[in-house]
Amino acid sequence: MKILVLIKQTPDTESKIRLSGDGKSIEQGDIKYIINPYDEFAIEEGLKLKEKLGSGEVVIASFGGETAKELIVKGLAMGGDRGLLISNAGLEGADSLAIAKVLTGAIKAEKADVVFCGKQAIDDDNMHVGTMAAEMLGWPHVNVVTKFDLNGTTARVEREVEGGKVEVYDVTLPAIFGAHKSLNTPRYASLPGIMKAKKKPFDLKTPGDVGVDPSTLKAKAVIKGYKYPPEKPKGQIFAGEPVEVMVEKVVKLLRQEAKVI
Amino acid sequence: MKVLVFVEQRDGKIKSSAHEALTVGFKLAGSSANLAAVLVGQGVAGLSGQLAGWGADTVYTADSADLSLYNIQGYSNGVEAAIKAFSPDVVLGVASPMGRDVFPRLAARMDGAILTDLTSIEAAGNGVQGTKPMYSGKCIADVATDGAKISFVTIRQNVFPSSKAESGNATATPVTAAAGDGKIKTIEIRKGKSAKPDLTEASLIISGGRAMGNSENFKILADCADVIGATIGASRAAVDSGYATHDMQVGQTGKTVNPNLYIACGISGSIQHMAGMRTSKVIVAVNTDKDAPIFGVASYGIVGDLFKVVPLLTEQFKTLLK
Ligand SMILES: Cc1cc2nc3c(=O)[nH]c(=O)nc-3n(C[C@H](O)[C@H](O)[C@H](O)COP(=O)(O)OP(=O)(O)OC[C@H]3O[C@@H](n4cnc5c(N)ncnc54)[C@H](O)[C@@H]3O)c2cc1C
Numbered sequence: 001m002k003i004l005v006l007i008k009q010t011p012d013t014e015s016k017i018r019l020s021g022d023g024k025s026i027e028q029g030d031i032k033y034i035i036n037p038y039d040e041f042a043i044e045e046g047l048k049l050k051e052k053l054g055s056g057e058v059v060i061a062s063f064g065g066e067t068a069k070e071l072i073v074k075g076l077a078m079g080g081d082r083g084l085l086i087s088n089a090g091l092e093g094a095d096s097l098a099i100a101k102v103l104t105g106a107i108k109a110e111k112a113d114v115v116f117c118g119k120q121a122i123d124d125d126n127m128h129v130g131t132m133a134a135e136m137l138g139w140p141h142v143n144v145v146t147k148f149d150l151n152g153t154t155a156r157v158e159r160e161v162e163g164g165k166v167e168v169y170d171v172t173l174p175a176i177f178g179a180h181k182s183l184n185t186p187r188y189a190s191l192p193g194i195m196k197a198k199k200k201p202f203d204l205k206t207p208g209d210v211g212v213d214p215s216t217l218k219a220k221a222v223i224k225g226y227k228y229p230p231e232k233p234k235g236q237i238f239a240g241e242p243v244e245v246m247v248e249k250v251v252k253l254l255r256q257e258a259k260v261i
Numbered sequence: 001m002k003v004l005v006f007v008e009q010r011d012g013k014i015k016s017s018a019h020e021a022l023t024v025g026f027k028l029a030g031s032s033a034n035l036a037a038v039l040v041g042q043g044v045a046g047l048s049g050q051l052a053g054w055g056a057d058t059v060y061t062a063d064s065a066d067l068s069l070y071n072i073q074g075y076s077n078g079v080e081a082a083i084k085a086f087s088p089d090v091v092l093g094v095a096s097p098m099g100r101d102v103f104p105r106l107a108a109r110m111d112g113a114i115l116t117d118l119t120s121i122e123a124a125g126n127g128v129q130g131t132k133p134m135y136s137g138k139c140i141a142d143v144a145t146d147g148a149k150i151s152f153v154t155i156r157q158n159v160f161p162s163s164k165a166e167s168g169n170a171t172a173t174p175v176t177a178a179a180g181d182g183k184i185k186t187i188e189i190r191k192g193k194s195a196k197p198d199l200t201e202a203s204l205i206i207s208g209g210r211a212m213g214n215s216e217n218f219k220i221l222a223d224c225a226d227v228i229g230a231t232i233g234a235s236r237a238a239v240d241s242g243y244a245t246h247d248m249q250v251g252q253t254g255k256t257v258n259p260n261l262y263i264a265c266g267i268s269g270s271i272q273h274m275a276g277m278r279t280s281k282v283i284v285a286v287n288t289d290k291d292a293p294i295f296g297v298a299s300y301g302i303v304g305d306l307f308k309v310v311p312l313l314t315e316q317f318k319t320l321l322k
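Protein chains in written order, with the working numbering: chain A, 1 to 261; chain B, 1 to 322.
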């Protein structure tokens, strides 16, 4: 079975986000990139599936810049078999639909049987790409997956929705699954794993190599600029008084000033 | 412009956030003739009357027994049928689990533009422009559709007011959702344990962090929540320590919430937690550490022991609401 895991590089959540002077872009200098945290659950699920089946290949793939290579190699260190980076050179402003088109090309070229990705990337929080790729492939897709169990070519999966409700699906492969955090616990790369990862096969391709014409990738949704969130006015913090007094003050403010109770 | 609003229902109940989308949709469309709604599910033809006065002259209903349980294929096809009937410029919905399923599917199907989770929105050409928080709320992006024939746009819940247009006669117009290919079957939808509104829809939330110490102690939050009708949330530290369940987690890897009031008890205010609740209208922090970062975003704060503060809060709320 060919298992493809799609990953994205996202800024470490601890990174400061600084805007360029004109507000058109984000300064790259301070940003440390990590594998999007949800994508680690996707990698783990791919590795677990291969182990359960006793055979197969896990390909770790991304559409992105040079820096994504290091993160794909991290996925190989966790146990992936092969890396695939599709270069976004000249397509840095691609919107989610364009990215999904490229990844759809990759999934076809790889003849993947099952694809795992994270439920969302923590930079734009869009939750688009897996769903869109599934649509273009004519495949089923379940996002926010909390349980995955494959029997033959049918997967029984669960996903969490609002109100603590759980939707249970039977999905016929090939299909795409978006991993949520409670799906599994991602393994750490072992030292031998890290050593081996550097020698594992790694392909660098262009969108054209996976059959996608770059002229079809013009963004239909654009980011025109950024701004910092408005500063909240300084709050009223009470300290050092008897608890009853402080509670009474806050309750009064909630009622009379904020009018939320 | 012509706007079609996807009005979500679950278990035959129209979700309150659908009214927020209809309010935004009416503003964008400018008239009831230019606004339509679509309902998908079993028995939804009977719900269309509830939309009278919410701005839309036409309510498309994709009503069939196959759609009794939510399924991405059937529901996408239902919305698609309404799009074919109405030819909107913009399809509008809410960034809910259902909206986040259906909208990317249809944007890919129709080669449209997609914008998700907007916190402000206005018409621009035959599409829209607006804002959306990015990078855990550390910045706000100005986003816009650009030259697409059709745009799929979702708004963040609890951000926009819902106000009735007092126009739109909501005439039910049946459409037929194409059958799915059977490659994805909904086996069941298990009910949640709580009768309270979901965190993402709640207008009042009280959350506990690591300082709660164990799951039994969440009872003091529950007592307070019962008095004011709040939903209970938790930090990841509380969830990872087993004090609270996964569906209660607020933050970057949990839920993004937008209540009128968020009470954070024994939560330090990590960047990841704040990513999920920073936009709450009023934030109250209770923490023993006066330097805890949560006080930086709090409207009101009490430096004190939550085990003393929360029971007193509960008592005073009780007196107030008697
Ligand atoms: C990729 C990633 C994603 C993450 N996603 C999330 C997320 O979605 N949500 C989330 O919450 N976290 C998330 N985290 C974890 C986050 O970094 C913090 O570890 C977590 O939020 C801390 O939870 P806490 O505030 O409950 O605990 P702590 O930081 O330990 O804070 C406990 C607080 O309680 C106070 N306290 C102690 N005793 C009392 C008392 N008796 N009365 C009052 N106050 C008291 C302390 O002063 C302290 O401020 C994520 C981390 C990473 C790396």
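It is possible that part of the hints are untrue.
[Stated by the list, open to error] Result set (BS3-like, lysine-lysine): computed pairs, CA atoms no more than 27 Å apart in a straight line:
1. A:259 <-> B:308
2. B:183 <-> A:232
3. B:84 <-> A:218
4. B:27 <-> A:249
5. A:252 <-> B:84
6. B:149 <-> A:218
7. B:308 <-> A:50
8. A:234 <-> B:255
9. B:219 <-> A:165
10. B:183 <-> A:50
11. A:16 <-> B:13
12. B:290 <-> A:259
13. A:111 <-> B:290
14. B:15 <-> A:252
15. A:2 <-> B:219
16. B:191 <-> A:165
17. B:27 <-> A:224
18. B:164 <-> A:259
19. B:149 <-> A:259
20. B:196 <-> A:147
21. B:84 <-> A:234
22. A:165 <-> B:149
23. A:111 <-> B:185
24. A:227 <-> B:255
25. A:259 <-> B:15
26. B:183 <-> A:108
27. A:249 <-> B:183
28. A:249 <-> B:308
29. B:183 <-> A:48
Everything labelled a hint here was simulated from the structure, so no lab data went into it.
Checked hints:
A C-alpha spacing of about 24 Å is found between residue 259 (chain A) and residue 308 (chain B), which places the hinted pair at or below 27 Å, so the restraint holds. Between residue 183 (chain B) and residue 232 (chain A) the CA atoms are separated by roughly 49 Å; this puts the pair beyond 27 Å, and the hint is violated. At roughly 25 Å between alpha-carbon atoms, residue 84 (chain B) and residue 218 (chain A) fall within 27 Å of each other, so this suggested pair holds. Between residue 27 (chain B) and residue 249 (chain A) the CA atoms are separated by roughly 40 Å; this puts the pair beyond 27 Å, and the hint is violated.
Proximity of residue 252 (chain A) to residue 84 (chain B) is assessed by CA-CA distance (about 54 Å); at most 27 Å being required, the pair is judged violated. Taken as a hint, the residue 149 (chain B) and residue 218 (chain A) pair is honoured in the structure, with Cα atoms around 14 Å apart against an allowance of 27 Å. The straight-line distance between the Cα atoms of residue 308 (chain B) and residue 50 (chain A) is roughly 52 Å, outside the 27 Å bound, and the hint therefore fails. For the hint linking residue 234 (chain A) to residue 255 (chain B), the alpha-carbon distance of about 25 Å falls within 27 Å, and the restraint holds.
Proximity of residue 219 (chain B) to residue 165 (chain A) is assessed by CA-CA distance (about 22 Å); at most 27 Å being required, the pair is judged to hold. At roughly 22 Å between alpha-carbon atoms, residue 183 (chain B) and residue 50 (chain A) fall within 27 Å of each other, so this suggested pair holds. The suggested pairing of residue 16 (chain A) with residue 13 (chain B) is violated, with an alpha-carbon distance near 42 Å, which exceeds 27 Å. Our distance criterion of 27 Å between C-alpha atoms is met by residue 290 (chain B) and residue 259 (chain A), whose separation comes to about 25 Å.
Simply put, residue 111 (chain A) and residue 290 (chain B) have alpha-carbon atoms about 57 Å apart, too far for the 27 Å limit, and the pair is violated. Straight-line distance between C-alpha atoms of residue 15 (chain B) and residue 252 (chain A) comes to about 32 Å, which puts the hinted pair past the 27 Å bound. Restraint check for residue 2 (chain A) and residue 219 (chain B): the C-alpha separation of about 48 Å exceeds 27 Å, so the hint is violated. At most 27 Å may separate the alpha-carbon atoms for a hinted pair to count; residue 191 (chain B) and residue 165 (chain A) meet this at roughly 5 Å.
For the suggested pair residue 27 (chain B) and residue 224 (chain A), the alpha carbons sit about 23 Å apart, so the restraint of at most 27 Å is met. Of the supplied pair hints, the one linking residue 164 (chain B) and residue 259 (chain A) holds, its CA atoms being roughly 22 Å apart against a limit of 27 Å. In summary, the hint linking residue 149 (chain B) to residue 259 (chain A) is not supported, as the alpha carbons are separated by about 44 Å, beyond the 27 Å threshold. As the CA atoms of residue 196 (chain B) and residue 147 (chain A) are separated by approximately 25 Å, the hinted pair is consistent with the 27 Å bound.
Distance restraint check for residue 84 (chain B) and residue 234 (chain A): the Cα-Cα separation of roughly 51 Å exceeds the 27 Å cut-off, and the hinted pair is therefore not satisfied. Note on residue 165 (chain A) and residue 149 (chain B): the hinted pairing is violated, with a Cα-Cα distance of about 36 Å set against a maximum of 27 Å. With a CA separation close to 24 Å, the supplied pair residue 111 (chain A) and residue 185 (chain B) stays within the 27 Å bound. The hinted pair formed by residue 227 (chain A) and residue 255 (chain B) meets the criterion: a straight-line CA distance of about 23 Å does not exceed 27 Å.
This hinted pair checks out: residue 259 (chain A) and residue 15 (chain B) have alpha carbons roughly 25 Å apart, not beyond 27 Å. A threshold of 27 Å between alpha carbons decides the hint, and for residue 183 (chain B) with residue 108 (chain A) the separation of about 18 Å falls inside it, so the pair holds. The suggested pairing of residue 249 (chain A) with residue 183 (chain B) is violated, with an alpha-carbon distance near 58 Å, which exceeds 27 Å. For the hint linking residue 249 (chain A) to residue 308 (chain B), the alpha-carbon distance of about 15 Å falls within 27 Å, and the restraint holds.
Proximity of residue 183 (chain B) to residue 48 (chain A) is assessed by CA-CA distance (about 23 Å); at most 27 Å being required, the pair is judged to hold.
Hint violations for this structure: numbers 2, 4, 5, 7, 11, 13, 14, 15, 19, 21, 22 and 27, all remaining hints satisfied.
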